[in-house]
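> Chain residues, written in single-letter form:
Number of protein chains: 2
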Amino acid sequence: MPPQTQTSPETNIEALLSRRARQAGGGPLLQGMDRVGQRISFIFGFPDPASLPASEVAATTTKVLAERGHAALQYGDNAGYSGLIDALLAKLRRDQGIEASRDNILITAGGSQAIDLLLDTLVDWGDAIVSEMPTWLGAVQAFQSTGADIVSIPIDAEGIDVRALARELDRLHAAGNTPKFIYANANFQNPTGATMSLQRRKDLLALTRQAGTLLIEDDAYFDLRYDGQRLPAIYSLDDSGSVVYMGTLSKTMGPGMRLGWLVGPPSLIRRVSSLKVDGGTNVFGAHVAADWLPERLLPHVARLRKVYHRRRDLMLAALDRHMPPGTTWTVPDGGFFIWVTLPEAIDAQRMLPQAQELGVEYLPGPACYSEATGQNQIRLSFSFVADDLIEPGIRIIGDVAKSELREGRA
Amino acid sequence: MPPQTQTSPETNIEALLSRRARQAGGGPLLQGMDRVGQRISFIFGFPDPASLPASEVAATTTKVLAERGHAALQYGDNAGYSGLIDALLAKLRRDQGIEASRDNILITAGGSQAIDLLLDTLVDWGDAIVSEMPTWLGAVQAFQSTGADIVSIPIDAEGIDVRALARELDRLHAAGNTPKFIYANANFQNPTGATMSLQRRKDLLALTRQAGTLLIEDDAYFDLRYDGQRLPAIYSLDDSGSVVYMGTLSKTMGPGMRLGWLVGPPSLIRRVSSLKVDGGTNVFGAHVAADWLPERLLPHVARLRKVYHRRRDLMLAALDRHMPPGTTWTVPDGGFFIWVTLPEAIDAQRMLPQAQELGVEYLPGPACYSEATGQNQIRLSFSFVADDLIEPGIRIIGDVAKSELREGRA
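These protein sequence lines map, in sequence, to chains A and B. First residue of the first sequence: 272, per the numbering used here; consecutive thereafter. First residue of the second sequence: 272, per the numbering used here; consecutive thereafter.
In isolation and in its complexed conformation, chain A is listed as follows (with noise of 0.2 Å):
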């Protein structure tokens, strides 16, 4: 056929596309940045614009490019740039009490590349994935993608809650099917902000073993903690190769940075790395993380754990003074968010609107499950908003909660 010029119809992209992105569906999940000091926003998990370390960066950032500008604007290592694993290496030790090596780690860009290639590594479309539920949204968003069928964990108090888990790891295993791996948070949960018992570690480690898979200990919090003494890192108590450990910096140096990483055996690490063809993860702000973080990052830490220690005590208060009767909610020991339960006749997405009218919002539980349930909940950030903009905001919550249950339409 020779080539004809002709006047085709529209490509047809929906007939082009993968099962994937026909499951996705959903918009974007960040859009309008631009605009989001214009609310009341106890959305996202956004550190305080306020505490972003912009003029250390910026100092750093000259010394880096005078000093090694050739290396710091080119290609850079697939596991990420040497300098940066040192320096987190050493942090990993020091801080989490985690022995790695450059075998064990790779930089990814945020704890969202690092879910990425796990799930490019480990999931096939129709395999079993298990997760404490609720979870962190990205994380939900990514394992929706990938059509794999996500068995669900509840939490309580104490963390993901392991006999639930021992009974679907059992059904699991009765039928032939290993879950690829189980995904958690050991600190601070997100959204719950539940922080597991030794207890729990140990037991949810001893049962990912039993079931030959992997647990994906994501602690994207550790650093901040407020309350209570610091509790090892599941990674640490392991000698199976079972663990993979997730960080990253956008909760201390900034998100910005987009600079996360994952740690883990070195078989498993090839195996990412394999499939990681980025031309470095973000080589230039690596290089500025690189120099940062020996010096800046502990200092850094502590002035942040100051404000937002204070602004999770104001927001709690505020809750106290302004939910209405039947309202529970969780006061987590560290990271960003508190998780609260309406009575539940309430439908907080429905009332997000009116909330929204007054100039406040906040993250309607459903988005945090992958299934369809959390209508009454919410989850809060205190870690974006001014300190004197948190008690407004949680009246204007409980006003519009207050409303909804008079007006009966709960």
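Treat the hints as calculated values from the structure; they're not laboratory data. One should not assume that every hint holds.
[Unchecked claim] Here are the simulated DMTMM-like cross-link-like pairs (lysine to aspartate or glutamate), alpha carbons at most 20 Å apart as the crow flies: (1) B/Lys362 - B/Glu327; (2) A/Lys577 - A/Asp319; (3) B/Lys473 - A/Glu281; (4) A/Lys334 - B/Asp366; (5) A/Lys473 - B/Glu281; (6) B/Lys577 - B/Glu281; (7) B/Lys334 - A/Glu327.
[Claimed, not checked] Residues on chain B that point at chain A, a partial pick, calculated with CB under 10 Å: (8) Glu285; (9) Ala286; (10) Gly316; (11) Pro318; (12) Val328; (13) Val335; (14) Arg339; (15) Gly382; (16) Gln384; (17) Gly525; (18) Asp549; (19) Pro635; (20) Ala638.
[Claimed, not checked] Chain B is nowhere near these chain A residues, computed Cβ spacing over 10 Å in every case: (21) Gln309; (22) Gly382; (23) Pro425; (24) Gly447; (25) Ser468; (26) Leu469; (27) Arg480; (28) Gly483; (29) Ala573; (30) Pro614; (31) Pro624; (32) Thr644.
Built from N, CA and C at the ideal position, the CB exists for glycine as well.
Here the structure of chain A is known, so what remains is to put chain B in place on it, guided by the hints.
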């Protein structure tokens, strides 16, 4: 089953892998970047280290972080930083003659994330995809890991062979199979250096439309033309939403920025966007690039063109002087690569260790093909090696090739 602490054997990672991970197999593409300057390296499409705009980027970073550090270090829009989008839309209009709007564009982490996202959005295991071949080795790796049936189309001096393409599309059509896309470079093709004539561009577009598929026009080297006149981007010839245009700052501002873009029909961009859960692409770098681009790109590109034009000519002269009889090579009008075809009896992969021992490295042809071919071909990048090392490097390759021929090992 109650949780039990027991000593399990090492977790069997291999049993948990996806098809994709098992298929990929190969090691990481980029390793040991710290040591890459120790050899005369013609391997990679790396820009000239000395030309990277380190001091400009430092100054811009300081300004940007002072003005809007709260945004540059925060999460960003899914589509990319709006300031960078606007700067790129202006650049695309001015330089590429591409009219696009915010609905048409996504910022990506270089061309790599752009390809990954397109593959996620379009390709299921076993789908047919079409690519000119040889091609960019990153694309080869990414294509192979999808489990797609890769249909290879040869290239001649005028670009993709449209007769061969028409035959393959007919064959697929007869089998009821619509390929998910056709992948091609119109300018200074990687690795052959070929530039498509205007007629080829039109023919390729017509064939794409007839087949009801998408053309992925990857134009990474657009700005770096040393000879001849600019030809219109295929994207700008299309009015049916059949073309996705890819570009990158890696070859101009620097690969360390990890910034590229996708321009395409809004219906496709929306779908890609819903699979792009990344917290915003490289927000920090994007803010810096947004300020650098409007005033700095053109003068910087003018400087780069002089450097690379000179290096291309140095390499062509050296090839003329040192290659054994029966060797042919391409003369690219732009870009980074010369594609060398050695006498058929030579195995470029086998002779590589000898060249490395003598301090030189190049890319053996097979890395640029999805099937096993190109044994007597090599890709030479003239961009990375300093002027005075090009001639000595080529002489070594010529000597090794000649000795291969002499010793009858070939």
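> Compare the structure with each hint and give your call.
Results for each hint:
1. B/Lys362 - B/Glu327: holds, 19 Å
2. A/Lys577 - A/Asp319: holds, 12 Å
3. B/Lys473 - A/Glu281: Satisfied, since the Cα-Cα distance of roughly 17 Å is no more than 20 Å.
4. A/Lys334 - B/Asp366: Since the Cα atoms of A/Lys334 and B/Asp366 sit roughly 33 Å apart, the hinted pair is violated (cutoff 20 Å).
5. A/Lys473 - B/Glu281: holds, 17 Å
6. B/Lys577 - B/Glu281: Violated - the C-alpha atoms of B/Glu281 and B/Lys577 are around 56 Å apart, more than 20 Å.
7. B/Lys334 - A/Glu327: holds, 13 Å
8. Glu285: Hint on B/Glu285: holds, closest Cβ of chain A at ~8 Å, below 10 Å.
9. Ala286: holds, 7 Å
10. Gly316: holds, 8 Å
11. Pro318: Holds. Min distance 7 Å.
12. Val328: Result: holds, 6 Å to nearest chain A Cβ.
13. Val335: holds, 8 Å
14. Arg339: The hint holds - B/Arg339 has a Cβ within 10 Å of chain A, the shortest such distance being about 9 Å.
15. Gly382: holds, 8 Å
16. Gln384: Cβ of B/Gln384 sits 7 Å from chain A, so the hint holds.
17. Gly525: Holds. Min distance 3 Å.
18. Asp549: holds, 5 Å
19. Pro635: violated, 18 Å
20. Ala638: Interface hint status for B/Ala638: violated (13 Å vs cutoff 10 Å).
21. Gln309: Label holds. Min Cβ-Cβ 14 Å, cutoff 10 Å.
22. Gly382: violated, 8 Å
23. Pro425: holds, 16 Å
24. Gly447: About 13 Å separates A/Gly447 from the closest Cβ of chain B, which puts it past 10 Å; holds.
25. Ser468: Non-interface label stands for A/Ser468: nearest chain B Cβ at 13 Å, farther than 10 Å.
26. Leu469: Its Cβ never comes within 10 Å of chain B, the nearest being 13 Å, so this holds.
27. Arg480: violated, 4 Å
28. Gly483: violated, 7 Å
29. Ala573: Check passes; 18 Å lies beyond 10 Å.
30. Pro614: At roughly 32 Å from the nearest Cβ of chain B, A/Pro614 sits farther out than 10 Å, so the non-interface label holds.
31. Pro624: The assertion about A/Pro624 holds, with a minimum of 22 Å to chain B.
32. Thr644: The claim stands: A/Thr644 keeps its Cβ more than 10 Å from every Cβ of chain B (closest is about 21 Å).
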